[in-house]
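Colleague: Using my numbering, the first residue of the sequence shown is number 60, and each one after it goes up by one.
Just so you know, these hints were derived from the structure itself, not from any lab.
There's no promise every hint is true.
No farther apart than 35 Å at their CA atoms in a straight line, the calculated lysine-lysine pairs in the DSBU-like style are these [claimed, not checked]:
#1 Lys125 - Lys154
#2 Lys214 - Lys230
#3 Lys116 - Lys154
Label pairs and their computed distance ranges (CB to CB) [what the hints assert, rightly or not]:
#4 Ala193 - Lys116: 26 to 36 Å
#5 Leu142 - Gln190: 14 to 24 Å
#6 Arg119 - Gly199: 19 to 29 Å
#7 Cys138 - Ala193: 32 to 42 Å
#8 Gly199 - Pro140: 14 to 24 Å
#9 Ser224 - Gly115: 30 to 40 Å
#10 Glu179 - Leu100: 29 to 39 Å
#11 Thr117 - Glu168: 10 to 20 Å
#12 Glu179 - Lys214: 14 to 24 Å
#13 Pro172 - Lys230: 32 to 42 Å
#14 Asn180 - Gly219: 19 to 29 Å
#15 Ala175 - Lys230: 26 to 36 Å
#16 Gln157 - Thr191: 27 to 37 Å
Please read these numbers as outputs of a predicted model, since none were measured by experiment.
The beta-carbon is built from N, C-alpha and C at its ideal position, and this holds for glycine as well.
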Amino acid sequence: MRLSGSSKSLWILTAAALVLAAAVFYTKDSALRKTGARMDLETGPAFELPSVSNPGKTVRLESWTKKGPVLLVFWAEWCPPCLQEIPTLRQWQQKHHQEFSILAVHVGESRQPMEAVIAENGINYEVVLDQTSAAASAYGVSGLPAAVMLDKDRKILYYGFTLPSLEDALKYAH
């Protein structure tokens, strides 16, 4: 079966359109994996987790967001990039605690390793324990570190595998 010139052109255009559609889908999917963004979440799920910073205390996310914007940071003590963020977070907490709060969510089974990291690094922001990874799963966290900026209504303003820039964090906070 021989194709006429116009049929051949139609097949080539159709094939090119399919290749282009696949490339767009792959690029979008790849970007989604890089940022960790959950396109299906507009509002951050509420959670209640035990504090590592203040043993015996429970932290409710809703109590924090009612006061203003919150930067959630999902991390673990075994994660080198997570540990590299500590000085930045400590500085932001010291200088910008009026504009937004920082709540670090330790994704792990035990509080002991995190208690040592808090003491050794002079962490001055709240750290909670997500022992079952329920909060991390609810936010679709698939890698550490992950950062989520929420407004007072828990609307997600930022979601990524790195901290937002300070400029962006302050912009989101206002």
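Colleague: For each hint, tell me whether it holds in the structure or not.
Modeller: So, going through the hints one by one against the coordinates:
For the hint linking Lys125 to Lys154, the alpha-carbon distance of about 21 Å falls within 35 Å, and the restraint holds. With a C-alpha separation of about 15 Å, the suggested pair Lys214 and Lys230 falls inside the 35 Å cut-off, and the hint holds. Under the criterion of a C-alpha separation no larger than 35 Å, the hint pairing Lys116 with Lys154 is consistent with the structure, at around 25 Å. In this structure, Ala193 and Lys116 break the distance hint of 26 to 36 Å, their C-beta atoms being roughly 18 Å apart.
Under the hint 14 to 24 Å, the C-beta atoms of Leu142 and Gln190, about 20 Å apart, fit the expected range. Distance hint check for Arg119 and Gly199: the Cβ-Cβ separation is about 21 Å, which falls inside the suggested range of 19 to 29 Å. Between Cys138 and Ala193 the beta carbons are some 19 Å apart, a value that contradicts the proposed interval 32 to 42 Å. The beta-carbon spacing between Gly199 and Pro140, approximately 19 Å, falls within the hinted interval of 14 to 24 Å.
Distance hint for Ser224 and Gly115: a CB-CB separation of about 36 Å, consistent with the stated range 30 to 40 Å. The supplied range of 29 to 39 Å is met by Glu179 and Leu100, whose beta-carbon atoms lie about 34 Å from each other. Checked against the given bound of 10 to 20 Å, the beta carbons of Thr117 and Glu168, roughly 18 Å apart, stay inside it. For Glu179 and Lys214, the Cβ-Cβ distance of about 35 Å falls outside the hinted range of 14 to 24 Å, so the restraint is violated.
One distance hint, 32 to 42 Å for the beta-carbon pair Pro172 and Lys230, holds here, with the actual separation near 34 Å. Judged by the Cβ atoms, the range 19 to 29 Å given for Asn180 and Gly219 holds: they are separated by roughly 22 Å. Checking the proposed 26 to 36 Å range against Ala175 and Lys230 shows it holds: the Cβ atoms sit about 35 Å from each other. Under the hint 27 to 37 Å, the C-beta atoms of Gln157 and Thr191, about 33 Å apart, fit the expected range.
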